[in-house]
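*Asks:* Chains as they are written, first to last, in our numbering: chain A, 203 to 570; chain B, 5 to 130.
Since the hints were derived computationally from the structure, they do not count as laboratory data.
Do not take every clue at face value.
[To be verified] Facing chain A, according to a computed beta carbon distance under 7 Å, are these residues of chain B, among others:
1. Tyr-44
2. Leu-47
3. Lys-67
Ideal Cβ placement from N, Cα and C applies to all residues, glycine included.
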Amino acid sequence: MDRKTPLYEVQKNSGARFISFGGWELPVSYTDIITEHQVVRTKAGLFDVSHMGEIQITGKDAVKALNRLISNDIAQVPAGKILYSPICYENGTVVDDILIYKFSEEELLLVVNAGNTQKDDEWIRSQITGDVKVENLSDKYVQLALQGPEAEDIIKSILDEDTELPGFFRFKEVSLLGMKVLLSRTGYTGEDGFELYLWLPNSCADPEKLWNGILDAGKDKGVAPVGLGARDTLRLEAALPLYGHELSEDISPLEAGLKIFVKMNKDDYIGKAALSRQLDQGLKRKLYGFEMVDRGIPRNGYDVIMDGSRIGYVTSGGLLPTLNKNGGLALLDNPDLKDGETIEIVIRGRKCKAVLVQLPFYKKKYKK
Amino acid sequence: MEIREGLYYTKDHEWVRVEGNRAYVGITDYAQDSLGSIVYVELPEEGKALSKDEVLGVVESVKAASDIFAPISGTVVEVNEALADNPELINESPYENYMAVLSFENKDELNELLSPAQYEELTKGE
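Let's have the full structure, built from the sequences with the hints guiding it.
*Replies:* Structure, rendered in structure tokens:
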């Protein structure tokens, strides 16, 4: 039985269709995916992403202990900032890709993929050492995302007191609509925007009031609720990886093109030796972007052919609504291919022409 | 959700309009609404002989590809080429935009299809 977020009833009443994702029953769309996609690109879209997991690490050794589990470097990050990082296995493949909110040297909050929450919790507990406490707080947070060019003005209009909004990949606690909310300038759409964490044990926490309050405040600016369907097309256009597709227990972050999140000039961490070897020996495969030339929609798992032989597979694909083209990402067994080279995608037994293109498909509009 | 009189239906949400020995096949209003924006339609080849329940074509929405099955046995004598360039026509008017026309002989198979009332009952249960 899939779990439901505290906003399930509100969404159901507003016409959402639901699908099963990562053990949750979540809204896939409210109107239609393409319309919702455009709303985020041109105005602002509100997402319920309460399925995301939150794991807190506290204690004297928090930073040092977590740093031994991640490929990026949380020690170099000041309090109030957020770090994106893969967590790797010893062989360099990926346990999960996460955001780390650094409250202080002794308090970190990890935001993890819904379907990986339990696995991550167990992995972290089994690997972490030192004076730390690990706590899975996922059930206690409601998480919303407000994404799009109007997001900033909408958030400003519901703040209880005038305060500066956090900059890119920063967070702060604010009071809005009478509630304490952890507000970060992050997202998964390629647009400027925010994620809001509501701590449910707070007596003032009211998820429905937050959800409806944002929709009301943004009504004149064209805000609309957006489902998981558009979340996927938006992140695909921005070429942001999705765990289980571009990253997995079979793929290293280097192969997925995430080299800037893999640090070699820091103390030892799980997977460092394997990743270092990959860098020394050169990658055997690499993630590419492609656009379809022939008709047809590429989907996850479809084979990719070049010069008559299979060279890899599609990790994510579909309509890229802003470009009005079909395309996707593919993991190919050749790290030296160039933009403009022709590949073929096998769609239901038919070989369909596609061409490699530069990533991302859609240039991110972050406010840095 | 519109369910038209005078058509046959399947539990897989296809409709069939019979004119003589020609059967027009498309997907229902309920089907297009559940799929959402349709972005690609794969049509069968003309001349292809299909048995009942064989894959006749594919309709892809943004989120997924769905096989469309032949509601009855027959030979493909015509396909709706307009859908190749404008797959969204199915969203706009599902009952005007058939996918293919099957020439059929076995009228008995029509008896296995659903009436509008039976189909309405089915969609209420989903």
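*Asks:* All hints are to be evaluated individually against the structure, with a verdict given for each.
*Replies:* For each hint, the structure was consulted:
The beta carbon of B/Tyr-44 comes within 5 Å of a beta carbon in chain A, closer than 7 Å, and the hint placing it at the interface holds. The interface hint given for B/Leu-47 is broken, as the beta carbon of that residue sits about 11 Å from the closest beta carbon of chain A, more than 7 Å. Checking B/Lys-67 against chain A by beta carbon gives a least distance of about 5 Å; that is within 7 Å, so the hint holds.
Checked against the numbered hints given earlier, the structure breaks only hint 2 and satisfies all the rest.
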